[in-house]
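Asks: Spelled out, the chains give:
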Amino acid sequence: MDILSNLAMGLSIALSPYTLVLAIVGCFVGTIIGALPGLGPSNGVALLIPISFSLGLDAISALVLLTSVYYGAMYGGRISSILLNIPGDEPAMMTTLDGYPMARQGMAGEALVVSGVASFVGAFLATVGLMVFAPYLARVAYQFGPAEYFALYMLAFCTLGGIGSSNQAKAALAAAIGLAIAMIGLDKTTGMPRFTFGELHLMDGVDFLVAIVGLFAVAEIFHFIESHGRDSAIGVKLGKILVPWKMLRQTSGAMLRGSGIGFIAGVLPGAGASLGSFLAYMGEKSAASDKDSFGRGNPRGVAAPEAGNNAAAGGALVPMLTLGVPGSGTTAVLLALLLTLNITPGPLLFTERPEVVWSLIASLLVANVVLLLMNVPMVKVFVKILSVPAWVLLPGVTMIAFVGIYSLTGSSFDMLMMVGFGVLGYVMRKLDIPTVPVILGILLGNSMEDNLRRAMVLSDGDWTYLFSSPIALGLWIAAIMGFVAPIFLRRFLKKPPLPATDPTLNED
Amino acid sequence: MIRGDRIFGVCMIVLALGYILSASGIQTSFMSDPVGPRAFPYMVAGVVILTSVVMILRPDPDQEWPAGPMLGQLAIALAVLAGYAKAISPLGFLIPTAIAAGVLSWQIGGRPVRAAIAGIGLSVGLFVLFRVILGLGLRGLPSGMGF
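Going line by line, the protein sequences match chains H and G. Per the working numbering, the very first residue in the first sequence carries number 1; after that it's consecutive. Per the working numbering, the very first residue in the second sequence carries number 1; after that it's consecutive.
Next comes chain H alone, as it looks inside the complex (with noise of 0.2 Å):
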């Protein structure tokens, strides 16, 4: 078995105990952003891979950690969802539904383990789907030629455009925006400067971590001095922890079917975590006989949606390892890492340099059972740090954040320019502009750019080359589709909206 040869050797650098500090680190990390509303998964890799960069990790001890916290973000969320019914990220907006009415009955004990077990399986079910599909993947990609890599990168804009977000011209344009950002600094193949104005700075382009954390992070304090801390409620009290085995076995059938509708959409280019728990959880109340109490404190409606996010987070790593293309927001963010590190994502990837997929993959495997045996044992610790008020965590975040691109790059100009898209980010997010195409497009833009261009001087610069392999027009195809179908489909799909928050729990 190849695989498992090769996860023995993941295994054997995973548990050397360096290796295994980093990835409790990691969680511990993961878990905190995660349950922190406002700081999701993107929010907290983008913060900390210049960090972790300045701190000399070598590649793979910070894709360790680093994936470690995603991870760990995405068990996180789910506990400000039940607890104080405000998603702690937007993959965990489901698991609100059903969540918050359980800890309204007092069962938040309940609802936290049994959403971490599903977690756990989602998670667990994913990493495995992960091992056995991206080799495969990884075998179809050595058959692309710049070609269908330029249909690959469209199919990503579209169906990113097209399923997550709710307006197609605003979702094109943020992609339009990051493309042309892209574009700044010196021209690869011609050597010549664009954009740059005469300004030193950009010869060498934008820097993607300056934008992803001026995107997320800075723009993040600007929203939040504006709703005045109003989503920080906090002072929640749990009882005692016991695990309720019989709801573990009732849930166990919704747990497997959001793990496999969540694997699904997390490996679609495109579509990312809060697709895969919304499916799961549509999926699992139009399956019920007892569609009624969804929406009431049913334990299935917590299990399915958590499983879905995790399993989703874990398959977006199969696009983004094997083909270089994320899948959502944080895999793009996970992309920013990996090419942070100088470790180009793709086929090669996997025969090159095997002992950087064997020993992430390990790893995620690891830091799965670590967050198990944290998030239900000691789920109480993360509840207490829940309580850590705004006015000190807010602007530690945004300390943080100056601290590692200035650590990273030591310029003022890049610091200014992340303040810059800071505010960008508040404008577009005011305007209900997506800002991960944006990101998308910053990371693509200059290998979008080069592949096109390859295609053409393979064709010698005849422009139906793009569509003549039947990859490439399968492509085409289902990019358009992606684009356009969610139009017709959006009538059908509508989110249920959040259950009414009781205000005299928010008052402080």
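These are calculated hints, taken from the structure and not from any lab test. All C-beta atoms, glycine included, are put in the ideal place defined by N, C-alpha and C. Please note that a few of the clues may not be correct.
Unchecked claim - Derived coverage of chain H by chain G (criterion: at least 3 residues anywhere in the stretch with Cβ under 8 Å from a Cβ of chain G; other residues may be distant):
no.	segment
1	182-191
2	277-285
3	309-318
4	418-425
To be verified - EDC-like mimics (lysine to aspartate or glutamate), calculated; alpha carbons at most 20 Å apart, straight line:
no.	chain 1	residue 1	chain 2	residue 2
5	H	430	H	199
6	H	188	G	62
7	H	430	G	33
8	H	430	G	60
9	H	246	H	290
10	H	188	H	204
11	H	430	G	64
12	G	86	H	414
13	H	188	H	352
14	H	188	H	199
15	H	430	H	90
16	G	86	H	199
Start from chain H and add chain G according to the hints.
Replies: For chain G alone, coordinates are given in the frame of chain H:
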């Protein structure tokens, strides 16, 4: 009257036209390819213009924009962050961080005394974390004053 989307759309069209103008000035060198360094920027600018026109013609309902005092608060936050970006190099980590974190804390939670304590605490705490424990290359005080 819906304004937000339309104003943004117009801004983007202006920027895209400037982008095209700037792209037309990109020089090609002797070792070029059939596409050249200008075509892709032109395509991107085209998409920006097209989508901006859609935003102007079919805008979404307006969000509530901050006004009056809140706009002032956001301007203060922006000024603090920009000033911090400029100050951290010459003045070191501790002093600018205490001021910036303190101001942000005051903006979020009110109560000046509490905010000042939070600012100083965060400044010292983060310095210890990053410099002493994690070993990042930060300078604590203005150059020539130690640390």
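Asks: Report the numbers of all earlier hints that the structure fails to satisfy, in ascending order.
Replies: 2, 3, 5, 6, 7 and 13
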